[in-house]
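Trainee: Single-letter residue listing:
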Amino acid sequence: GDSVTQMEGPVTLSEEAFLTINCTYTATGYPSLFWYVQYPGEGLQLLLKATKADDKGSNKGFEATYRKETTSFHLEKGSVQVSDSAVYFCALSASRGGSNYKLTFGKGTLLTVNP
Amino acid sequence: KAGVTQTPRYLIKTRGQQVTLSCSPISGHRSVSWYQQTPGQGLQFLFEYFSETQRNKGNFPGRFSGRQFSNSRSEMNVSTLELGDSALYLCASSPGSGEPRAETQYFGPGTRLLVL
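Taken in sequence, the protein lines are chains A and B.
Residue 67 in the numbering used here sits at position 67 of the first sequence, and the numbers go up by one each step.
Residue 1102 in the numbering used here sits at position 102 of the second sequence, and the numbers go up by one each step.
Calculated from the structure, these hints are not laboratory results.
Even for Gly, the Cβ is constructed at its ideal location relative to N, Cα and C.
Certain hints may be false.
[Stated by the list, open to error] Here are the simulated DSSO-like cross-link-like pairs (lysine-lysine), alpha carbons at most 30 Å apart as the crow flies:
| # | chain 1 | residue 1 | chain 2 | residue 2 |
| --- | --- | --- | --- | --- |
| 1 | A | Lys-52 | B | Lys-1001 |
| 2 | A | Lys-77 | A | Lys-56 |
| 3 | A | Lys-60 | A | Lys-77 |
| 4 | B | Lys-1013 | B | Lys-1057 |
| 5 | A | Lys-77 | A | Lys-52 |
| 6 | A | Lys-60 | B | Lys-1013 |
| 7 | A | Lys-56 | A | Lys-68 |
| 8 | A | Lys-68 | A | Lys-107 |
| 9 | B | Lys-1013 | A | Lys-52 |
| 10 | A | Lys-107 | B | Lys-1013 |
| 11 | A | Lys-77 | A | Lys-107 |
| 12 | B | Lys-1001 | A | Lys-56 |
| 13 | A | Lys-68 | B | Lys-1001 |
| 14 | B | Lys-1057 | A | Lys-68 |
| 15 | A | Lys-52 | A | Lys-107 |
| 16 | B | Lys-1001 | B | Lys-1057 |
[Said to hold, decoys possible] Sample of chain A residues lacking proximity to chain B, with all beta carbon distances greater than 12 Å (derived):
| # | residue |
| --- | --- |
| 17 | Glu-15 |
| 18 | Glu-42 |
| 19 | Gly-61 |
| 20 | Thr-65 |
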């Protein structure tokens, strides 16, 4: 079945450091890939997405590139801020037939950014 | 547009009771999905509804059920609650009529259920 593996946390960085959170996936067919972010006490917010190979999703300084050859979608940011502290989820949506709207999530990575 | 809303935000129940959670999707969205989030299992898909019909279902026991109304609002019900049902229950909506793999799901803030 479909699965998403993302790096175990927690990840602790200093402000302005470079961030990478690794994500790899297994899916039949041709999935779309997503990064969601969850702030304390809140639901999930879409951070970025990519729907085909070599697409780069970007938002708020975060970027991720859909690499079909390595089945990866690593999240990066050049300079993190304290306000980026949250849990980050990698997810995929794989189409099987016409009505599969299910998201499969990784376990989540807790990021803490210290001033 | 208003976002996805869920009520109540917090619930405390005891084992054996049943509970009903409600979700109102973004206006115009016809697909509503439910997910369970726990520290141990992470985010797991429960089911998805479109036009009052369940289209997809995850691997949960029959105690977990749902329904969708003609205005696209959805409810999920858990009967005979167990301690392990304590979780954050998230609802997500999407238009539901586009290419499934490309549609973005928009999540509500969740209902936190504690079973004692």
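Trainee: Now tell me, hint by hint, if it's right for this structure.
Mentor: Hints, verified against the model:
no.: 1; hint: Lys-52(A) <-> Lys-1001(B); verdict: 28 Å, holds
no.: 2; hint: Lys-77(A) <-> Lys-56(A); verdict: 13 Å, holds
no.: 3; hint: Lys-60(A) <-> Lys-77(A); verdict: 9 Å, holds
no.: 4; hint: Lys-1013(B) <-> Lys-1057(B); verdict: 25 Å, holds
no.: 5; hint: Lys-77(A) <-> Lys-52(A); verdict: 21 Å, holds
no.: 6; hint: Lys-60(A) <-> Lys-1013(B); verdict: 40 Å, violated
no.: 7; hint: Lys-56(A) <-> Lys-68(A); verdict: 12 Å, holds
no.: 8; hint: Lys-68(A) <-> Lys-107(A); verdict: 21 Å, holds
no.: 9; hint: Lys-1013(B) <-> Lys-52(A); verdict: 44 Å, violated
no.: 10; hint: Lys-107(A) <-> Lys-1013(B); verdict: 27 Å, holds
no.: 11; hint: Lys-77(A) <-> Lys-107(A); verdict: 20 Å, holds
no.: 12; hint: Lys-1001(B) <-> Lys-56(A); verdict: 27 Å, holds
no.: 13; hint: Lys-68(A) <-> Lys-1001(B); verdict: 35 Å, violated
no.: 14; hint: Lys-1057(B) <-> Lys-68(A); verdict: 28 Å, holds
no.: 15; hint: Lys-52(A) <-> Lys-107(A); verdict: 23 Å, holds
no.: 16; hint: Lys-1001(B) <-> Lys-1057(B); verdict: 28 Å, holds
no.: 17; hint: Glu-15; verdict: 27 Å, holds
no.: 18; hint: Glu-42; verdict: 6 Å, violated
no.: 19; hint: Gly-61; verdict: 20 Å, holds
no.: 20; hint: Thr-65; verdict: 17 Å, holds
The structure is inconsistent with the numbered hints 6, 9, 13, 18, although it conforms to all the rest.
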